[in-house]
Amino acid sequence: MSERVFGAGLKPREDPALLRGERQYTADIALPGTVHMEFLRSEHGHATIRGIDVTEAQAMPGVLRIVTGADLEGHLMPLPCIWVPGGVESHFPPHPYGLPGAGTALATGRVRFIGEPVAAVVAETRAQAADAARAIRVDYEVLPAVITPEQALADGAPQLHDAVPGNLNARWTCGDADGTEAALAEAEVVVKLDLHNRRTINSPLEPRAAVGDYDPLTGEYTLYATTQSPHNHRFLLSALVLGIPFNKLRVVAPEIGGSFGTKGYLYPDMPLVLFLAKELGRPVKWQDSREGLMCSTVQGRDHRQYASIAGTRDGKITALKCTSYANLGAYPSTIGPGVATALMGRSITGTYDIEHAFCEVFATFTNTVPLGAQRGSGRAEATFLIERLVDRFAATIGMDPAEVRRRNMVRPEQQPFDNRMGWLYDSGDYGAALERALEMAGYADREAAKRAARARGKLLGVGISTFVAVCGVGPSPRIAKEGMLGGSWESANIRVHPTGEVTLTIGVTGTGQSHETTFAQIVAQEFGVAVDSVQVLHSDTTKAPYGQGTYGSRSYSVGGPAVQIAARQVTDKMRLAAAHMFGVDDSAVVFRDGSVLVEGDPEKTKTFQDMAMALWYGWDLPPGMEPAIDVTTTFDPADFNYPYGAHIAVVEVDEVTGDVELVRYIAVNDVGPVGNPLVVDGQIEGSIVHGVGQALMEVAQYDQTGALLTANLDRYAIPRAADVPFFELDRMETPTPHNPLGAKGAGEAATVPTAAAVTNAVCDALAEFGVQHIDMPLTAETVWRAMNAATTSRSEAQ
Amino acid sequence: MLWEVRMRISLSVNNRSVESTVEPRTLLVDLIRDDLKLTGTKVGCDTGQCGTCTVLLDGRAVKSCSMLAVQAEGTRVTTIEGANAETGLTDLQEALWAEHGVQCGYCTPGMVLALQDLLATNKAPTEQEIRCGLAGNLCRCTGYQSVVRATLALTGQNGGRNDV
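Protein chains in written order, with our numbering: chain A, 5 to 802; chain B, 1400 to 1563.
Worth flagging that the hints you see were computed from the coordinates, not collected in a lab. Just so you know, nobody snuck in bad clues.
No more than 30 Å apart at the CA atoms, straight line, and that leaves these computed lysine-lysine pairs for BS3-like:
| id | chain 1 | residue 1 | chain 2 | residue 2 |
| --- | --- | --- | --- | --- |
| 1 | B | Lys1522 | A | Lys15 |
| 2 | A | Lys547 | A | Lys282 |
| 3 | A | Lys320 | A | Lys196 |
| 4 | B | Lys1436 | A | Lys547 |
| 5 | B | Lys1436 | A | Lys282 |
| 6 | A | Lys577 | A | Lys547 |
| 7 | A | Lys252 | A | Lys282 |
| 8 | A | Lys608 | A | Lys577 |
| 9 | A | Lys15 | A | Lys547 |
Negatives, chain A to chain B, calculated, CB over 10 Å:
| id | residue |
| --- | --- |
| 10 | Arg54 |
| 11 | Gly78 |
| 12 | Glu145 |
| 13 | Glu154 |
| 14 | Thr177 |
| 15 | Arg254 |
| 16 | Val588 |
| 17 | Thr783 |
Just so you know, these numbers come straight off a predicted model, no measurement behind them. Note that CB positions come from ideal geometry on N, CA and C, so glycine has one too.
So here's chain A without its partners, still in its complex pose (with noise of 0.2 Å):
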């Protein structure tokens, strides 16, 4: 083929099957002899359990099995913490191994929220185990809950578990604290803000659901399940929670319905529906309902922020310091104390060079869901904590904030930059994109904009977001001395068949970005075949090379040069092949069109098919090379890689309502070479969306016992197709040099700076009634009650 087909916006093959409803998810699927578990879940956010009495719901029609922590103990060990905030003391619940604990699969003695998984139930069907789930009578003593990190924290608050003293998982920093707080002391123009960055709830459409079989012969578990890291769950399963061989552990992913970060952790239905197979010796399956999800599925956000930061009189920001109180719920998700601390304390100074700044992190336990990744997670509020500071600061200083923004960015010429938080910033122009982003959204005429949407009744806003987000987790290396307990890297495999197609299997598993698509094409490119004859396989532990998961947009930027690198070591078997057969040195053979040839030599050319079969045979090949094309390559990359942009929100507010309507969104994103433009499109545009819906509707809402106010859809607003307008796009595309695709995260990077960039909006349109900053979600009663305060407060001070 003579087209390029890296970077060419194919049509995902995917779609098709899935446009027919044809692709299995998890709860499709119905091995013979399935029974179905449900749990019974904590109705107290924190409460001792004095008994639990299972003898009606035992008699009650189809009911099999019904287990309760009890009946766990010496069967399933607690689930592991695998991300322990680096370089600090910190402490967890208990793990037999002596690792950090995150609780055991059903609550042991005591309940720590609602939702909390308190027995399970299995039955013949689905109904008759929840009928039964219901029948279980628990008797509780309730206990006094905490909510928020500043209750949990306070003297003589009540205490989550007996291994963490004052509820504090750890107090983690990073940065200079002296000479912050010097900058600070000496500084023109100290502007400070105080801030909730809210807790919110991913929301995939799938629920998550899990199907355990167990084959007695053999002595082999299967799972089926969501998830988005098969591998790293059956290294986790096995080794740390069942206590089996990791060969005895078979883990499948099927189609995933979204994960947005949700998906990569351990929960308790993974290990039980494995444990109940085996016990009775049927495929057991659950299925989350909606109510579950919203109140078991890990949690996003949820920092409450006190911060300064401090410049000169011409806009130059010389320090930055946030203290910021993380609320990790319950119990410590699998990686959810790195996402509060580190993920977010790294990441606070933005695309700003700025000389001093220093961040602390309280990690703590609160008697509320557990907090994990939500897309972007720890960066977004980051972002959003670093570009409300440059606005109210450039507020302060009485300048236009895309100025100030100007003033303090790194400069290319800077590139690798050191953020002095921990992050080595890799490549790019953030300028460029800023500028880009002004002039799309015809930023120099903005006030006659202002004036005209006055005169319909509305109170326009423009907001800038700026942004840079750590991604592509890996280095191994250097995720350990972040305390991560796990490897970094990625993993492909390729076969040549003898009749010339490809396979390739890949390590990651998507939860919806066309992988099958798109890895393909990078093999199509360098072996110069049609991109159909590449099948892709992945997502099963027993078929595809190990891998790490897909999180942190690790997929493309880390697995896709994995598939590069085993492409080429292909390509260079290939070759050398060639050359010995055509009698010329290898240099001198191509790959194109479907053929391996020298270049105007037209007696020395074979197709790629005729290679793969002589390889196949291995009649004449090279002394010394093996037969036969089975290439498995790992890439762990040099360092994290860095997309960045700039993106512009647009808004009207009703000046009687307050209702807040994003009339524009303009955004423009590096992430690198783009593979395929229509996939990495879609990416950034469901992110940006997911980043709007927190801004302006998205809030989980805990009452004072616990009880999650939002734990279904009809109470947890997400956006729908009128709340947004079509989006303005526009792209660079900066390699990173630290993989040889120049790849950057694409899946996340987008909802980043979103956030920021509307409520940005809504504060330059509420200027004039004085607000200063409004919490998210911008609703309208939010945003009404922000304008009539300010009204209020100005007209008693006349």
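Using the hints, position chain B against chain A.
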């Protein structure tokens, strides 16, 4: 006991007559997914918000999680399996594919049926009409951009694609 009550129902699903015995509380979506094994219809919530369970009932889009199976007595139900062309894609599905109006695919069968309903009553909906027509269908992946673009393109209107 309440759970021992069973009711007989008959209805048409994808142009085939279906006779079934169900509990009164059985939801239409559970009949479709569990009894008829038509798993293209999904369950994303329990409150009629997400639209992944959308089917056509006598030609109009309804949420099959918010109806009892017994309420479908005597009706004509079309699921995604019944809306599909024999092979390949319908024009609507082709248009969605061209714009990559599907990512994880979980909302997609419901989206397709909701759009089919919209286009049956409004041959050339405006952008705003499409957005409002999808009010009952949540998508967490696409941000709706490609879905709306595809629908505009299908009806011969120049969508909001901002060429990069």
